[in-house]
Amino acid sequence: MSPILFWIFTALMLGFGAATLINRNPVASALSLVVSLLGLSALFFSLDAYFIGVIQILVYAGAVMVLFLFIIMLLDLKAEQRRQLSLPVLLGGAAVTALFVTQIVLVVRSFHAGNQSFPPLASKFDDASNIGNMLFSHYNLPFQVIGVLILVASIGVVVLSKRELN
Amino acid sequence: MAYQVPRPKLNFAEKIYLPSVIAGLKITLGHLWRMLRGKTHVCMQYPEEKWDSHLPPHYRGAPTLVSDEFGRTRCVACQLCEFICPPRAIRIKPGEIPTKDKFAKVEKFPEQFQIDMIRCIYCGLCEEVCPEQAIFLKKEYAITGTSRAAMMHQKEKLIEMGGIQPGVVNKWNEKK
Amino acid sequence: MPLPWIILFTPLLSAVLIILLTQRWRNLSALISIAAVLVSLAASVVLFRTLPDSSTTFQLPWLDFRSLGFDFQIPIGITIDGLSKAMLLVVTGIGALIHIYSWGYMADDEGKSRYFAGLSLFMFSMLGIVFANNFLMMFIFWELVGVSSYILIGHWFHKPAPPAAANKAFICNRIGDFGFMLGILLVWTAAKSVDFATIQTAWPTLVAHPAFAPFATAAALCIFCGTVGKSAQFPLHVWLPDAMEGPTPVSALIHAATMVAAGVYMLARVYFVVGASPDALQVIAWIGTITAVLAALMATQQNDIKRVLAYSTLSQLGYMVMAIGVASPNGAMFHLFTHAFFKALLFLGAGAVIYACHHEQDIWRMGGLWKKQPITLLTFAAGTLALMGVYGFSGFYSKDSILIAASEHHPAIFYCGLLSAFLTAFYMTRLFVVVFFGKARTEHAAHAHEAPAVMWIPLVLLAIPAVAAGYHNVISNFLPTPVHEHSLVPCIASCVGLAGIVLGFVLYRGREKDPIYIPLLANKFYFDEIYALIVWNTQDLLARVSAFVDRWVLDTALVRGLASGTWGAGFILRFAQYGNLQGYALLFGAGVVALFYFILFFK
Amino acid sequence: MNAILEFLHSDLFFMIWTTLAKSAGLLGVVLGMVSYTVYAERRVSSLMQDRLGPNRTGFPLSLLGFGIKDWSPILGGLGQPIADAVKLLLKEDFTPAYVKKFYYWIAPALGIAAAIISLAVIPFGSSIAGVPMVIANIGIGPLFIFAISSLGVYGIVLAGWSANSKYPFLGAIRSTSQLISYELALGLSVVPLFLIIGKLNLVEIVHYQVQNGWMLLPGITAGKLPTLSQIVCWIPILISFLVFTIAMFAETNRLPFDLPEAETELVGGYHTEYSSMKFALFFLGEYTAMITGSSLIITLFLGAWHFPGIPDGSMAGWPGVLWGLVNIGVFFTKVFAFLIFFIFIRWTLPRFRYDQLMKLGWIWLFEIALVNIFLTALIVAFVH
Amino acid sequence: MVTLNDYLLVSGLLFALGFAGVLLRRNILIIFMALELMLNAANLSLVAFARFNGTNGLPNYNGQMLVFFIITVAAAEVAVGLAIIVALYRARQTTNVEDLNSLKF
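Protein chains in written order, with this note's numbering: chain A, 1 to 166; chain B, 1 to 176; chain C, 1 to 603; chain D, 1 to 384; chain E, 1 to 105.
The reader is advised that the hints may include incorrect statements.
Some chain E residues flagged as far from chain A (calculated, every beta-carbon gap over 10 Å) [what the hints assert, rightly or not]:
{"#": "1", "residue": "8"}
{"#": "2", "residue": "101"}
{"#": "3", "residue": "102"}
{"#": "4", "residue": "103"}
Listed below are the simulated DSBU-like cross-link pairs for lysine-lysine, each with C-alpha atoms no more than 35 Å apart in a straight line [said to hold, decoys possible]:
{"#": "5", "chain 1": "D", "residue 1": "100", "chain 2": "A", "residue 2": "162"}
{"#": "6", "chain 1": "D", "residue 1": "22", "chain 2": "D", "residue 2": "166"}
{"#": "7", "chain 1": "D", "residue 1": "100", "chain 2": "A", "residue 2": "78"}
{"#": "8", "chain 1": "D", "residue 1": "359", "chain 2": "B", "residue 2": "9"}
{"#": "9", "chain 1": "A", "residue 1": "162", "chain 2": "B", "residue 2": "15"}
{"#": "10", "chain 1": "B", "residue 1": "15", "chain 2": "B", "residue 2": "26"}
{"#": "11", "chain 1": "B", "residue 1": "157", "chain 2": "B", "residue 2": "50"}
{"#": "12", "chain 1": "D", "residue 1": "87", "chain 2": "D", "residue 2": "100"}
{"#": "13", "chain 1": "B", "residue 1": "15", "chain 2": "D", "residue 2": "100"}
{"#": "14", "chain 1": "A", "residue 1": "162", "chain 2": "B", "residue 2": "155"}
{"#": "15", "chain 1": "B", "residue 1": "26", "chain 2": "D", "residue 2": "224"}
{"#": "16", "chain 1": "C", "residue 1": "371", "chain 2": "C", "residue 2": "439"}
{"#": "17", "chain 1": "D", "residue 1": "22", "chain 2": "A", "residue 2": "78"}
{"#": "18", "chain 1": "D", "residue 1": "22", "chain 2": "D", "residue 2": "91"}
{"#": "19", "chain 1": "A", "residue 1": "162", "chain 2": "D", "residue 2": "359"}
{"#": "20", "chain 1": "A", "residue 1": "124", "chain 2": "D", "residue 2": "101"}
{"#": "21", "chain 1": "D", "residue 1": "359", "chain 2": "B", "residue 2": "157"}
{"#": "22", "chain 1": "B", "residue 1": "50", "chain 2": "D", "residue 2": "87"}
{"#": "23", "chain 1": "D", "residue 1": "87", "chain 2": "D", "residue 2": "101"}
{"#": "24", "chain 1": "A", "residue 1": "162", "chain 2": "D", "residue 2": "166"}
{"#": "25", "chain 1": "D", "residue 1": "91", "chain 2": "B", "residue 2": "50"}
{"#": "26", "chain 1": "C", "residue 1": "439", "chain 2": "C", "residue 2": "372"}
{"#": "27", "chain 1": "D", "residue 1": "101", "chain 2": "A", "residue 2": "78"}
{"#": "28", "chain 1": "B", "residue 1": "155", "chain 2": "B", "residue 2": "139"}
{"#": "29", "chain 1": "B", "residue 1": "100", "chain 2": "B", "residue 2": "157"}
{"#": "30", "chain 1": "D", "residue 1": "199", "chain 2": "A", "residue 2": "124"}
{"#": "31", "chain 1": "B", "residue 1": "139", "chain 2": "D", "residue 2": "87"}
{"#": "32", "chain 1": "B", "residue 1": "15", "chain 2": "D", "residue 2": "359"}
No wet-lab data here; the hints were simulated from the structure.
Using N, Cα and C, we set each Cβ at its ideal position, and we do this for glycine too.
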């Protein structure tokens, strides 16, 4: 993928990621997050991870964020009032984040192996069937554990969202 | 007390819905097929075919003002119709007849007579109430216009639509 | 599908069918069960006729530990040899008759389906023991027999006594089974296998080593523990009489052909282990002898018809164990074989009597039944004579073969055997005279009538082998019994038996109540009371100790100490919990960043 | 200058302009098809109900010099879609005062965008002059379509929520839960197909069908009888087809499942507060989704552009181009036939109750699809 | 040319964004979204590494499998988390974390 597209999608992702945090209206935040995630999945496509990219859209954009929207609408959250941020929290948060960013930049700059270009790929390979083979052979146990996890989660959700907990 | 609606117990064929889907399709496609073969009696194609000759005698079309055989309006501007009209569609501005006039006995005539056909509900109360039998609901049904003004039937239009209704009328009866 | 699998799994199939599907149709359940056991019987007969006498084994792979790195595997296997074939016929044959008899006896029972499911399960378990070709499989079916006997004895669970009896039976069995399990583990440790054939070849070489002898004795005795529990030998014999609380056909099944016989069968099956240790044999012989004599003594003072028979079973089992102990497993199996028939006959006959007297079991409330129940009388008489060991009846031959073996082994054992034979004749005469002769002592007895055909036909069918099973040309088809050209022992035994019969007649003819009363015997040597006392005291002591430990060690030191320690620590630490989520997140994040810095730049 | 010329001759430029041309062509065809589907719907429904339907707004042939009045029954009404479009465009675009404006404006666009984007991976023809007739030939076509169509929910949710009115909101909630529920059945029902074919690429699925007969009609191949395994596989495919079709009806909010609109209960569902072109966008979106769904069904089950006896467009020269065009024609004919089927169903069946809808989705279709997967897995393992 | 380091940097920035969101926002729903951002940042670097460590013309699918599992677990996590938030909202009528401070001494 050309660098132009990469930077476009990166900008999209980071920009809307920031918008998620800046917007005071929760619905706007959620929608920004959707766009940010779409940008992320475009980056996945750029890394030839088509299956993961599509799953990302399907699960995150198609299901998870709809759930978020639903909850926001269900709770009828209004835009937050502009609040006075307490100074220590603001300073502390900003400082820790800044430290973290500098750290990331430093680490990445010192990682020289990562400056090579990506290895070439075969012209044609079947992403989905490779992942499927892997999933049902080598990762079979985690896969089934995940299945149980989802079952437990769905039961948990039903129990939690009952009005009266006896 | 909540009333529990008894739900019929469905058997398997009814539960999977498909047989009823097919049965329904059979009906609708049957209609379609008959229609395509021209076997169905289709409703009247309005602008080309009209129903005028079959209109029943009691058909209530647009209200009009009738004239006698000498071209005189019967209305005496008594404003009963204006009073009775449910949607207040009728506006009458009565005018005095000069005393030396031949018909001075009647005293008034409609200087302005206007029916708002956007409001009119074709109830026929005006016809019912008119003491002079001046308003009749004729069989006109295609009342159209391109502006609001065109839908305000003025006196002239009403008289023109009313046409001639022969017969002795109270108003001209010398003996009364 | 090979025949043995059909024999083994048909009863299981029937049990499963009844439990899962036909619980609501009681007669259908009974029919399924009866059909299953008849199929098993037919297959057994075919098997008996067709398969060669030599030992044949079918195997299915089952537990395989080789994938886990152990050179060890346990197949599910089937042994077919003379021993198992004979046992097979006994189990399925008597089982079939008891099934049919149950059809009549349990006709009006509410839990008929449950009962027949239990019977089928019991048949399955017992057949499994018969077929087992390794210790593990035998142990599993051994436990299954315990479970199914628990179900059957406690069949009338709404009454107070049967569940208690079932519990008692089960617990006593557990004690024996624990020893059995230890024995299996010991054998396994030594022979590195649980397979009978493998052990059989390995054991002699092992025993040849002198240092191994104590170990072999220990293994043999532990395995014998299983027999003590299951076949109700001397210290653990208390469950068997109580187990009479179950339905009478169940008693017949347990006593005659299946459960108690399992212990003896097991000893005969693993005789290569048991017989390899003379010390162990000695212990076994004496345990058997003590059981035989004690039980016979107890039987003389019982008034319940089924209990008399139960103690006589105990006594006969003592005989069989004694036979094993005097190194005559074939004699034991011979007696097991004949005993199975006449004891089943006696129990079913007793059942017919009880049924006729409206579930009255006290012999002193019966009497004069010989006119009312001629068929029962005749068949019962056949069984009684066989049990006494009267010449010409099957018991004579089998008992004599044991006594001959005992006389060759140890005179004391032989005399005890004679004593018990005398007592047997005495108490059976007492029973027979009191029940069938004299005047009717109650209304029920006076209006008794013959049992229905479904009940008396099995009696007649059983009476035939009860008489004939001992003849040499009959039994040699089934078991390799030695022909004893010995005339002295049978003569003595017959005389002793005759003495018992005469004494019984003299004492009990025409009596309205028991002329002798020996409290020690009537109360079964106070075994139950002694056990209760022991258990009581031990329990009391344990309870005191554990109460002390609980109060001072657990409660005070551990629980309260920990609690107050935790509380104190929590009191100090809770000042760190100031309730602001983001504050926590901030600290957490700062910590992570600091950690990264430390790892990346200072290390 | 040279660089530009070189670029103009490069493969990249070729790819770009062919893709653009294909997109434009497909979009034109599909949007035209949408408007005429609306017309067909009105005509067919009226024919089924013993009416005539719109037969007036014809092409003004008399202006072109044709004075033949007798053509009006044939061409009459064919101008109706144009008239509708003009009407919708010219109507007053009314925005109620209490709506949340931004979301109110963006919702219709989201609604139609999802439907149109999914068209990108559908192979609507074989190839013309070596250019494959699919806009984006990616390896996971069906997944892509499911992913994108799951984004269509946003349009509905936002429309319902931003309208700030109870009926649209109820409609949106119903619609969303319906879409999410039936997406499961939709996705699961086609898994058997992929198990049998072993590919997720739509183009390869079509090629498989060209060689082995259509999935639903394995007998249709050039001179080949269906093999035993094909016949055995046909059972799960039939189940798959039924479940997929039903779920597709629900996904496109078509009539046995048009709970979100449910005029008698919810006025107009999530687009109650919309008018003019914004309403038209929802309308277009719905019909585009229908076309996408039908195309997917045609592609997966009914052989896409293949028809026995018609060669594909791979041969050189003008016959190739011609056959390529014919293939495209076959594809759209099939799609149109399926759309007509959609219409038949819509005007035949009454609406489900909401609990029935949910029950059908979760208890029947979902389970049937799951069981069908296991069945197919067994068949594939033992027969195929 | 886009290199692995570019992806890593972008992933780190996205993570930092999510991190800042968790630290600075007051609405628990937004904090939850910020958590999702952080998860996705991790996904991005995983996929980038999977592509970078590819062999034989194929990406290294182990990394992609991990992403697959992360997405699945995240979906379950979101469902449970949102249910908890709804329960919380019912009990306290607020989604502001500063008002949810009853769990303290």
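Each hint, compared with the structure:
1. 8: violated (5 Å)
2. 101: holds (13 Å)
3. 102: holds (17 Å)
4. 103: Holds: least Cβ distance 18 Å, greater than 10 Å.
5. 100/D - 162/A: holds (31 Å)
6. 22/D - 166/D: violated (42 Å)
7. 100/D - 78/A: holds (12 Å)
8. 359/D - 9/B: holds (16 Å)
9. 162/A - 15/B: holds (30 Å)
10. 15/B - 26/B: holds (19 Å)
11. 157/B - 50/B: holds (23 Å)
12. 87/D - 100/D: The given pair, whose Cα atoms are some 26 Å apart, holds under the 35 Å limit.
13. 15/B - 100/D: Not satisfied, since the Cα-Cα distance of roughly 43 Å exceeds 35 Å.
14. 162/A - 155/B: Violated, at roughly 72 Å.
15. 26/B - 224/D: holds (34 Å)
16. 371/C - 439/C: Holds, at about 11 Å.
17. 22/D - 78/A: violated (45 Å)
18. 22/D - 91/D: holds (32 Å)
19. 162/A - 359/D: Given pair residue 162/A, residue 359/D holds - Cα atoms ~20 Å apart, limit 35 Å.
20. 124/A - 101/D: Roughly 46 Å between the alpha carbons, so the hint for residue 124/A and residue 101/D is violated.
21. 359/D - 157/B: Violated - the C-alpha atoms of residue 157/B and residue 359/D are around 64 Å apart, more than 35 Å.
22. 50/B - 87/D: Measuring from Cα to Cα gives roughly 28 Å; hence the hint holds.
23. 87/D - 101/D: holds (24 Å)
24. 162/A - 166/D: Holds, at roughly 24 Å.
25. 91/D - 50/B: holds (32 Å)
26. 439/C - 372/C: holds (12 Å)
27. 101/D - 78/A: holds (15 Å)
28. 155/B - 139/B: holds (18 Å)
29. 100/B - 157/B: holds (28 Å)
30. 199/D - 124/A: Answer holds: residue 199/D to residue 124/A is near 13 Å, not above 35 Å.
31. 139/B - 87/D: Holds - the C-alpha atoms of residue 87/D and residue 139/B are around 33 Å apart, at most 35 Å.
32. 15/B - 359/D: Given pair residue 15/B, residue 359/D holds - Cα atoms ~11 Å apart, limit 35 Å.
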